[in-house]
Amino acid sequence: MKTHAFRRARPCAVNPAGIPAPAAGRVDWANVATELDADGHAVMRGLLGPDACESMQAMYPEDGRFRSRVVMARHGFGRGEYKYFSYPLPAALQELRQEMYPHLATIANRWNAQMKVPVSFPARLEDFLERCHQAGQRRPTPLLLQYGAGDYNCLHQDLYGEHVFPLQVAILLSEPGRDFAGGEFVMTENATAGVSRATVIGLRQGDAIVFPVNHRPVAGRRADVRRVAMRHGVSRIREGRRYTVGIIFHDAM
Amino acid sequence: MSAESSIEVNGEAIHDRLDAEGYAYLPGLLDASEMTELARLAVRSASWRPMPSEGMGKGDVTCLTNEVSSRLQTLRQALFHGLVPLANRWNVELGLADAYPGSFDEFDEAFNREGGTTAYMHRLGADDYLALQQCTGNSGSFPFQVVALASQPGVDFDGGEFVLTERRPRMQSRPAVIPLQAGDAAVICTSYRAAKGSRGFFRTEFKHAVSTVHKGTRLGLHLSFHDIPWPTIR
Chain C
1 MKTHAFRRAR PCAVNPAGIP APAAGRVDWA NVATELDADG HAVMRGLLGP
51 DACESMQAMY PEDGRFRSRV VMARHGFGRG EYKYFSYPLP AALQELRQEM
101 YPHLATIANR WNAQMKVPVS FPARLEDFLE RCHQAGQRRP TPLLLQYGAG
151 DYNCLHQDLY GEHVFPLQVA ILLSEPGRDF AGGEFVMTEN ATAGVSRATV
201 IGLRQGDAIV FPVNHRPVAG RRADVRRVAM RHGVSRIREG RRYTVGIIFH
251 DAM
Chain G
254 MSAESSIEVN GEAIHDRLDA EGYAYLPGLL DASEMTELAR LAVRSASWRP
304 MPSEGMGKGD VTCLTNEVSS RLQTLRQALF HGLVPLANRW NVELGLADAY
354 PGSFDEFDEA FNREGGTTAY MHRLGADDYL ALQQCTGNSG SFPFQVVALA
404 SQPGVDFDGG EFVLTERRPR MQSRPAVIPL QAGDAAVICT SYRAAKGSRG
454 FFRTEFKHAV STVHKGTRLG LHLSFHDIPW PTIR
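Residue numbers (our numbering), protein chains in the order written: chain C, 1 to 253; chain G, 254 to 487.
It is worth saying that the hints were derived from the structure and are not from the lab. Computed from a prediction, not measured in an experiment: that's the story for all the values here. Glycine residues also receive a C-beta, built at the ideal position from the N, C-alpha and C atoms.
FRET-style restraints, in silico, Cβ to Cβ:
#: 1; chain 1: G; residue 1: Q387; chain 2: C; residue 2: A223; range: 27 to 35 Å
#: 2; chain 1: C; residue 1: R124; chain 2: G; residue 2: L347; range: 51 to 59 Å
#: 3; chain 1: G; residue 1: R297; chain 2: C; residue 2: E162; range: 53 to 61 Å
#: 4; chain 1: C; residue 1: A149; chain 2: G; residue 2: E359; range: 37 to 45 Å
#: 5; chain 1: G; residue 1: S323; chain 2: C; residue 2: R26; range: 55 to 63 Å
#: 6; chain 1: G; residue 1: L347; chain 2: C; residue 2: R74; range: 23 to 31 Å
#: 7; chain 1: G; residue 1: R342; chain 2: C; residue 2: R26; range: 54 to 62 Å
#: 8; chain 1: G; residue 1: H467; chain 2: C; residue 2: M253; range: 34 to 42 Å
The calculated lysine to any residue pairs, modelled on SDA-like cross-linking and capped at a C-alpha distance of 25 Å, are:
#: 9; chain 1: G; residue 1: K311; chain 2: C; residue 2: V195
#: 10; chain 1: G; residue 1: K449; chain 2: C; residue 2: G150
#: 11; chain 1: G; residue 1: K468; chain 2: G; residue 2: E290
Sample of chain C residues with no beta-carbon within 12 Å of chain G, all distances over it, derived:
#: 12; residue: V27
#: 13; residue: M59
#: 14; residue: P90
#: 15; residue: N109
#: 16; residue: R110
#: 17; residue: K116
#: 18; residue: L125
#: 19; residue: A149
#: 20; residue: E162
#: 21; residue: G246
Sequences are here, hints too, so could you generate the full structure?
Structure representation (structure tokens):
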């Protein structure tokens, strides 16, 4: 199934060490904020080039990079598996986590103010992680997920302790139609007043989605703001292999 | 109608899919003439109205009860006969006393009343969606419904994926996306199914939704066996 005939040409900077550099600097963060406010998610098209995607998914068998492996069926999470990276994170991933954090912290602080959540986030990732580590949340949460035919991920929230950074990022490393079929990224939100929605977000290789870990603010009818619970998951992969990298900003107990 | 014979042939396969996933994908169930007829019905229907509540979604809906062709009625009847043994098996597995009548006419009499509908269409334009919901009946529900797509994704509209969620007791919900193309249909669970666990059977709960349409118009058909309250579709 894997051919490279339809690989999209994308500029991909490669640093002297041969690690493809991430492109967080090219992101239109004002647009990300607008989309997040309106839709509850934002897509950053082509955040990673094809080479960066290939080299990141090639890390999956390299056990030395990871602190643990989770087989989802054992926990009732779905079918498929994922591995949590160990510190130090791969350079490209560390760079992405660090570069994206301050932009997302600005949005997160505004959202918390709107939802009257009395938590604000420092401007630098190091300072936020220090807060997590002080509370005993010391283990890194960025992860690489691998799904094969028949696999899926149930609708869930990635919470790992008291300290929660409310936005997270997932980057699709495989190309739909070429590397896999099925495997749609699905989000549901349970609003009050009995209105629930399900949203499918069409992603291609290298696209990243920013979405809420657990809640988002939605404007109510009378200038009030409701706190809406969000969950995300992946529908069954019909064929092929689908890799994603997940960037969660809080660390785990 | 070709659909009828394929239902006969694939009855067991449909049961297997419903047992495993809570839906059975029926690609190409509607042929070109049925698609044309649906488009014609959609254009001439006088009963298009905005969805009655936010809980249903955003977009237009029209009731087709008195307009559905005899072919769609035949399809509904053929599917009923194929599905009723599974409906009754699930009831037994879940320890429910009720059994659905094996005769379509008997069923129709018991589950259809004045003021309800068994067929409607959705018309979703840009930014429209169908919220997560169950279409249960006025006087009891049949555990299956049929959804079909009368527009072509990528040509007539973008987005608008059909989503099914399955809530399992003490476990996370499972999302499914049914890859409908124009003319494709799926049998979906109305609200529950019997799932096999390590200690017998348990009940899971289903809802369905259509993700936001980004552009164009998505015309979807919903066929029900029991009647759904109209216009206050839940």
